[in-house]
Amino acid sequence: MTDAQTASQTEAASRIADAAEVAAELRTLTADIFRDAQDDQPDTVDRPLDLQVWATLEETGLARLTGPESAGGSEAGWLETAAVLGEAAAAGTPLPLLEHDLLAGWLRDTAGLPAEAPAGTDSTGTWASGGTPTSGAGAPATGPALSTAAEVVAPARAVTVPWVPAAASVVVLDSSGSTPQVYEIAVADLAVEEREAVGGEPQAVVVLPTAVDGAVDVSAEVAQEFHYRGALGRAVQIAGAAEAISQLCVEHVTTRVQFGRPIGKFQAVQQLVTDVASEAALTRTIVDRAVLTVAERGMQDPGARFLVAAAKACAGGAAEVVVRNAHQIHGAIGTTLEHPIQRLTRPIVGWRREFGSTAEWEARLEAYVVEEGADLWELITT
Amino acid sequence: MSGHLVPQLVTEGEQARALRLEVRAFLREEIAAGSFTPWVDTWLTRWDNDFTKKLAARGWVGMTIPTEYGGHGRTFLERFAVTEELLAVGAPVAAQWIADRQIAPSLLRFGTEEQKQAFLPKITKGELCFGIGMSEPESGSDLASVQTKARKVDGGWRVTGRKTWTSGGHVADGFFALARTEPLDTSNRHAGLSQFIVDLRADGVSIDPIIAMNGSHHFNEVTLDNVFIPDDRVLGTPGDGWHQVTSELAFERSGPERFLSTFVPFEEALAHLRATSAGTTGTAPTQRTGGALGRHIARLTALHHMSLSVASSLQAGENADTAAALVKVLGTTEEGDIAETVDRLAGDCAADNPRLQDLVDGALAQRPGFTLRGGTNEVLRGVVARSLGLR
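So the protein lines, in turn, are chains G and Y. Numbering-wise, this note's numbering puts 259 at position 259 of the first sequence, and it's gapless, one number per residue. Add 382 to the 1-based position in the second sequence for this note's numbering, that's all there is to it.
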């Protein structure tokens with residue numbers, strides 16, 4: 001190895017170490033922000049954007065954590081953003097961090113689109129047309145410049161897009177033609193059919209235009225990276241929520257008394273709880289590994305992509321055990337709107353199906369080996 | 383809370399990586415030369431003294447034993463890389479497994495200087511093989527109930543009892559017998575137990591095979607009839623046996639043998655799928671399987687990293703008992719599930735691919751043992767539950 005290689009490796013290692021330190025600080029900082037916010041939140045089926053929290057994130061540069069400084073970002077990497085994304089998920093605070101920053105912001109910057117989101121031709125303004133972007137004293141009178149992102153693969157095909165009712169614009173990856181393109185469109189210019197995600201977050205079914213004038217060509221790699229980013233983001237969220245669920249399960253079984261003792265004293269209950277903890281731990285391991293590898297080598301690295309696929313597949317599978325057991329453990333009270341467990345178990349079910357279902361990522365992993373002839377053992381051990 | 387169940391994530395260093403590739407290349411050559419045929423669960427099912435000595439000659443046995451005791455003074459992460467490579471190709475490693483995994487660490491921690499000098503160099507050379515002497519006919523999961531007794535006599539102890547599930551007992555040189563040296567105190571069942579280093583060829587030792595349901599012979603019942611153990615073959619402190627035995631559990635439970643037992647049939651099934659899909663038109667292999675094998679790829683990858691971080695934790699001298707229990711519960715379930723998935727997809731393939739059929743049959747025969755040995759998964763969940771504060 002040359003001195004130059006050694007020097008660049010040392011530099012990379014110290015960059016990662018710095019990022020890990022910042023990530024740890026962000027985890028503490030955001031945990032406080034999210035906890036305070038949680039206490040004020042009513043238990044509702046729909047979980048609109050908490051404007052106060054979002055405003056705080058914008059003020060502190062966390063809303064556009066990975067963006068370039070020129071676009072108002074903080075130039076952070078995956079380690080830092082995974083810390084914030086995971087804490088939000090663990091707190092049960094629905095936030096469009098993945099959509100706004102890691103997808104829309106990234107796609108806009110990568111394609112070189114203007115930093116200013118299009119205002120829309122419909123001057124009535126629609127970011128608030130979703131009806132209920134909410135709540136909280138001191139919420140800003142006008143909406144934040146929130147963006148979301150989506151991919152369209154065929155003309156006129158409707159897609160479900162997270163956070164549209166709260167967003168001003170959608171950055172669209174148009175994969176319908178021979179060359180992938182990116183454009184940004186105001187929500188005001190779209191016909192949207194609003195709905196709620198299974199976790200209560202606002203989303204909408206939208207028909208996005210294809211072959212739009214002024215759309216910018218991007219490489220196939222960028223188009224692919226979109227999926228992997230989305231999948232890793234969702235896996236990070238699932239890992240955070242799964243750990244929080246595990247904690248709630250432990251709290252519940254050590255305090256809930258039946259037959260004269262805490263139900264956690266019963267072996268049958270212990271087995272349910274330990275399976276939740278085990279699956280959460282397995283997910284945590286693979287998700288952290290994927291995040292670290294992406295931070296070190298970038299999302300274009302084949303090994304990093306394999307780990308992202310493994311992380312999303314693993315998180316999706318684990319979510320089944322975590323959610324099922326958590327509700328079994330919590331009994332009837334856990335099925336109610338007033339119980340905090342639903343703030344964690346409902347979103348997980350939505351996340352695991354987005355940016356590629358569990359089965360799709362499992363098939364992708366299998367295809368690496370069966371169709372593309374990759375050496376499985378080498379994939380696992382690098 | 384559960385965030386602390388898994389030790390800090392680690393990245394395999396360059397040295398361990400280079401070693402891993404060296405072992406991999408060696409094993410490829412050995413397989414090509416017909417030195418062994420890859421098989422299932424080979425740390426139990428394939429005992430080959432010559433192969434163990436061949437590995438020892440390359441420095442891959444007794445790796446973590448310090449050089450002053452004839453070992454190689456390498457890290458647990460390096461040992462992890464080597465053992466993983468051996469298991470991934472189903473190499474015959476049973477002869478060294480117990481000695482390398484838990485006997486050596488126990489001796490290093492509790493043995494006398496003389497004991498270390500007597501045993502560790504030979505273990506490193508692959509010349510001394512050990513079994514386990516813990517379970518008894520009436521003491522399975524409830525290990526503290528062992529009834530084997532040791533009575534103090536002039537110059538040593540007389541040990542009497544029956545030990546069971548001693549894998550390789552018929553070919554091993556010795557084992558550590560856990561025996562009661564003081565009467566049972568029902569208020570402190572873990573007190574009064576001691577460990578003895580038993581020569582399995584000594585007078586009074588008889589070994590009877592326990593034949594598995596598929597006819598294979600790996601397990602044995604070892605009867606100790608008033609066997610004399612000199613004082614210098616007591617391990618550690620008399621009465622401290624429980625602490626000594628349980629302090630090695632993280633070594634025993636966290637390794638790659640807890641998730642790789644069916645890796646050979648798994649790879650064979652993937653190769654079969656690849657071969658049979660070549661030439662067929664219209665149906666992608668993953669459409670036929672529904673991606674069912676991908677689930678195992680994801681979880682095996684996660685388990686590799688989890689087990690690696692436990693190895694790193696052991697290197698640092700940290701307590702990794704809970705994480706080790708987690709690896710074992712998740713890993714042994716996974717390796718068993720792989721056997722089921724492969725069987726489900728391959729079906730009756732004896733005519734088309736007899737090799738795959740043999741491997742699947744072998745995996746299904748071994749499968750029940752995965753989640754039993756080294757602490758049943760039910761007991762291990764209890765360990766995890768305790769760490770969560772439930773009991």
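Just so you know, these hints were derived from the structure itself, not from any lab. One or more hints might be untrue.
[Unchecked claim] Chain G side only, calculated, beta carbon under 10 Å to chain Y, not exhaustive:
(1) Val253
(2) Pro262
(3) Ile380
[To be verified] Just a sample of chain Y residues kept apart from chain G, beta carbon distances all over 10 Å, derived:
(4) Thr393
(5) Trp421
(6) Asn431
(7) Pro487
(8) Arg491
(9) Glu496
(10) Pro591
(11) His599
(12) Gly621
(13) Ala705
[Claimed, not checked] Covered stretches of chain Y (in silico footprint by chain G; criterion: 3 or more residues with CB under 8 Å from a CB of chain G, positions within the stretch not fixed):
(14) 423-429
(15) 671-679
Glycine included, C-beta positions come from ideal geometry on N, C-alpha and C.
Here is what the structure says about each hint:
1. Val253: holds (6 Å)
2. Pro262: holds (8 Å)
3. Ile380: holds (5 Å)
4. Thr393: violated (7 Å)
5. Trp421: holds (16 Å)
6. Asn431: holds (27 Å)
7. Pro487: holds (24 Å)
8. Arg491: holds (27 Å)
9. Glu496: The assertion about Glu496 of chain Y holds, with a minimum of 40 Å to chain G.
10. Pro591: holds (34 Å)
11. His599: The assertion about His599 of chain Y holds, with a minimum of 30 Å to chain G.
12. Gly621: Given a closest Cβ separation of 30 Å, the condition holds.
13. Ala705: It is violated; Ala705 of chain Y is separated from chain G by about 8 Å at its closest Cβ, not greater than 10 Å.
14. 423-429: This one is violated; 0 residues, fewer than the three required, reach chain G with a Cβ under 8 Å.
15. 671-679: holds (count 8)
The structure does not agree with the numbered hints 4, 13 and 14 stated previously, though it agrees with the rest.
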